[in-house]
Amino acid sequence: MKYGALALVGPTASGKTALSLGVARALGAEIISMDSRSVFRGMDVGTAKPTPEERQGIPHHGIDLVDPDVRFNAGEFGRYARERIEEIRARGRVPMLVGGTGFFLRALTHPIFREPELDPNERSRLLAELEELEDAALLQKLRDVDPEAAERFATWGGRQRILRALEVPLLTGHTLAWWHQAAPPEAEPVSILPFVLDVPRERLKAAIDRRTDEMVAAGLVEEVQALVHRFGEDAPGLNAHGYAEMIPYLKGERTLEEALELVRRNTKAYTKRQVTWFRHQLPEGAVWLDGTRPQEELAREIVQKWQEAEGEQKPA
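Take the sequence shown: its letter number 88 is residue 100 in the numbering used here, and every next letter is one higher.
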């Protein structure tokens with residue numbers, strides 16, 4: 013193989029799942045989910061995981077790896093996905109990464125340094141203290157110890173990334189950037205051919221509105237309630253959009269419509285950040301696809317371009 017894997021990326025609600033299934037069937041590919049929320053067990057409705065019926069006949073990896081009370085970062089995904097890619101290639105099949113979490117993709121194309129070992133007791137103590145702070149206070153604390161990371165995460169980050177960027181300098185005395193320079197990468201980069209599903213902004217907003225309504229009808233409220241009951245409202249996985257907004261509703265602090273409006277608004281803001289990341293951070297040679305075209309056409313184009321890149325002459 014010229015490339016280690018094919019990747020189909022795009023913002024939330026752009027139609028990646030349906031398109032990926034068609035491509036996977038045509039190529040005989042196995043799918044590796046590249047969604048930072050789908051790694052959590054029990055978070056099904058709010059993450060729009062492909063259903064067992066949709067997955068039928070297509071092996072899926074990277075779904076339901078850990079419980080929501082376990083932290084799962086890009087470095088862990090990189091190690092997991094690299095192993096799956098090697099196994100899939102050994103079976104003579106095509107590894108296909110599908111999702112919208114850019115940092116997960118970057119963990120493969122730009123392998124993450126070997127992270128410092130942190131004392132688990134000290135880490136738990138520190139995280140308990142940091143969890144008491146609001147997002148703005150966390151970001152300010154990060155500015156105090158790592159201004160470069162604070163500037164970056166103010167645009168593209170989230171609470172979990174800020175916590176990670178804080179715990180390393182506070183426990184080791186050195187920033188993540190320092191460790192990145194001082195420690196060697198964990199592995200060689202994986203060569204990836206990325207396809208980007210590009211959907212007009214207004215169309216994407218409408219899709220997010222529809223998806224939010226569909227999630228409520230499919231049991232989002234009940235899912236969040238069950239997860240909070242089992243893992244507690246501070247579980248790292250429940251900080252994800254679609255979940256964090258619902259917790260105050262369950263506590264009687266906002267109405268259901270207020271919670272859903274926040275889900276819509278936050279998801280739209282997140283997709284805007286995703287597109288910005290794709291435009292500036294994807295590997296060279298990324299193929300942008302017009303998401304308004306029929307999915308059958310898009311699937312054929314992906315299959316054809318992949319086979320051309322791999323020197324194959326099979327019909328799409």
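Simulated from the structure, these hints should not be mistaken for lab results. A portion of the hints provided could be inaccurate.
Heads up, simulated DSS-like pairs for lysine-lysine below, C-alpha to C-alpha not over 25 Å straight-line [claimed, not checked]:
{"no.": "1", "residue 1": "Lys217", "residue 2": "Lys280"}
{"no.": "2", "residue 1": "Lys284", "residue 2": "Lys217"}
{"no.": "3", "residue 1": "Lys61", "residue 2": "Lys284"}
{"no.": "4", "residue 1": "Lys280", "residue 2": "Lys61"}
{"no.": "5", "residue 1": "Lys14", "residue 2": "Lys263"}
{"no.": "6", "residue 1": "Lys61", "residue 2": "Lys217"}
Outcome of the hint check:
no.	hint	verdict
1	Lys217 <-> Lys280	6 Å, holds
2	Lys284 <-> Lys217	10 Å, holds
3	Lys61 <-> Lys284	21 Å, holds
4	Lys280 <-> Lys61	19 Å, holds
5	Lys14 <-> Lys263	53 Å, violated
6	Lys61 <-> Lys217	19 Å, holds
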